[in-house]
Amino acid sequence: MHQAKRVPSMTDIRLNLDLLNDLITRARRKGADAADVLLINAVSLSVAWRLGTLERLERAEGSDIGLRVLIGHRQAIVSSSDCTLPALEDLAERAVAMARTVPEDPFCGLAESVRLVQTLPDLDILDTVEPSAEGLIAMARTAEESGRAVPGITNSQGATAGWSRRAVALIGSNKLAVHYTGSHASLSVSLLAGDDSQGMERDYDYTYAVHGAELRPAEAVGRTAAARALKRLGARKVETQVVPVVYEPREACSLVSHFLSAINGSNVACGTTFLKESLHQPVFSAGVTIVDDPLRRRGLRSKPCDDEGLPTKRQVLVADGVLQSWLLDLRSARQLGLESTGHASRSTSGPPAPAPTNAYLGPSSLEPAALIADIRQGLYVTELFSIGVNGVTGDYSCGAAGFWIENGQIGYPVHEVTVAGNLKDMFRTMSVANDLEFRDGIDSPTIRIEGMTVAGR
-4 MHQAKRVPSM TDIRLNLDLL NDLITRARRK GADAADVLLI NAVSLSVAWR
46 LGTLERLERA EGSDIGLRVL IGHRQAIVSS SDCTLPALED LAERAVAMAR
96 TVPEDPFCGL AESVRLVQTL PDLDILDTVE PSAEGLIAMA RTAEESGRAV
146 PGITNSQGAT AGWSRRAVAL IGSNKLAVHY TGSHASLSVS LLAGDDSQGM
196 ERDYDYTYAV HGAELRPAEA VGRTAAARAL KRLGARKVET QVVPVVYEPR
246 EACSLVSHFL SAINGSNVAC GTTFLKESLH QPVFSAGVTI VDDPLRRRGL
296 RSKPCDDEGL PTKRQVLVAD GVLQSWLLDL RSARQLGLES TGHASRSTSG
346 PPAPAPTNAY LGPSSLEPAA LIADIRQGLY VTELFSIGVN GVTGDYSCGA
396 AGFWIENGQI GYPVHEVTVA GNLKDMFRTM SVANDLEFRD GIDSPTIRIE
446 GMTVAGR
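Residue numbers for the sequence shown follow my numbering, so the first one is -4 and each next one is one higher.
It is possible that some hints are incorrect.
[Unchecked claim] Derived Cβ-Cβ restraints for the label pairs, each shown as a range:
hint, residue 1, residue 2, range
1, Arg293, Ser342, 21 to 27 Å
2, Leu333, Thr79, 38 to 44 Å
3, Thr413, Gly386, 18 to 24 Å
4, Gly332, Ala92, 30 to 36 Å
Since the hints were made in silico from the structure, they are not lab data.
We put the CB at the ideal spot given by N, CA and C, even for glycine.
Working from the sequences, and respecting the hints, build out all of it.
Here it is in structure tokens:
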């Protein structure tokens, strides 16, 4: 099922670094005061399997290079997938020409050399085994067949399996020189239960990992998707009312994402977040902790340094409900008169901007069953869609499906409802269970929110 992976050799790496250094030299000769270059070499393999047939088999390989040049406080970024010497010469020419014409930005600039990462930590984010196409096909087929074998499953939307490897090299005129490689593996399946007479319901399951061997078994993924779809049969609408809403972990993480967006330094600096005045203030209920940990070994979003070459570190963003820090890159930090938190992220075609890594809502000691035990009427959410969030006001509304809670027990399935509230109020009334698992990159245990509007019939 598997074949040995070709790990980039030291010769490959030296050639890449020499190439990037040459590009910076060309840009400096053409008039740039400073420059950095990001090179991404990516390889991916993916398959799609549906109803016993291979629907897609794709392999992609490519390189993208992004050159950022600065002339005074003017900045320009140009990217290309052509790494030949004539193309790089043109890239440098275009970038410098653009930088001369754009408006000044007093907050742009490279990191000071003394602040750059010195040694990259070993985070074990590169799998040394590349799966074969046959191996991925077998995984996808097994996931779908295992789910379809469950009585009551009547159709399938298919299964997908994938693998990718991404090599990153970042060089700057500020003496920045880093390179690292990471990998990612995935498997998912979506199944349907029921028929036209009783109604049909869909659900899915998935598994992600840095190392393919740590994916959950394909049989388990298929059976879990089937069980989830079957539980949704007979879903009803409910009356509009104000009740507690409980989010299962794979949907609760979306609330963590909304919080992370609200503390993104770019949004804070622009004043376009409802938390702009909340630093060092209570934002969540007492006891709530939120952590961002880029250094977790084999983490889905782990990074040995940020995309401006600064060291990354584990940071507590919320402690006992109190907001401790923004997510900052160099530009947003300069705007706010603060120091970067090492959260710069960038593509080859755009400037750095703040982004989270392995962020999670810390667990409590409370079992999920205890979290709902005193709820007389409420909603247990297992799927969200059409999510609408106003980042300035915190207003929140989304479509939802799940199960109705009655007298502390999860009861009948519910669909076609909308849940609404304001994130400020939702955060302040949040309760947390103990069932945290690291499976998405941004993760959460089960959470409970008080007094939300559930709009039904």
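Quick one: are Gly332 and Ala92 within 30 to 36 Å, going by C-beta? holds (33 Å)
Does 18 to 24 Å hold as the CB distance between Thr413 and Gly386, or does it fail? holds (19 Å)
Holds or violated: 38 to 44 Å for the Cβ distance of Leu333 and Thr79? holds (42 Å)
Just to be sure I understand the hint, the distance between the Cβ atoms of Arg293 and Ser342 should be within 21 to 27 Å; is that true here? Because 24 Å falls inside the window, the suggested range holds.
Going through the hint list in order, the structure satisfies each hint without exception.
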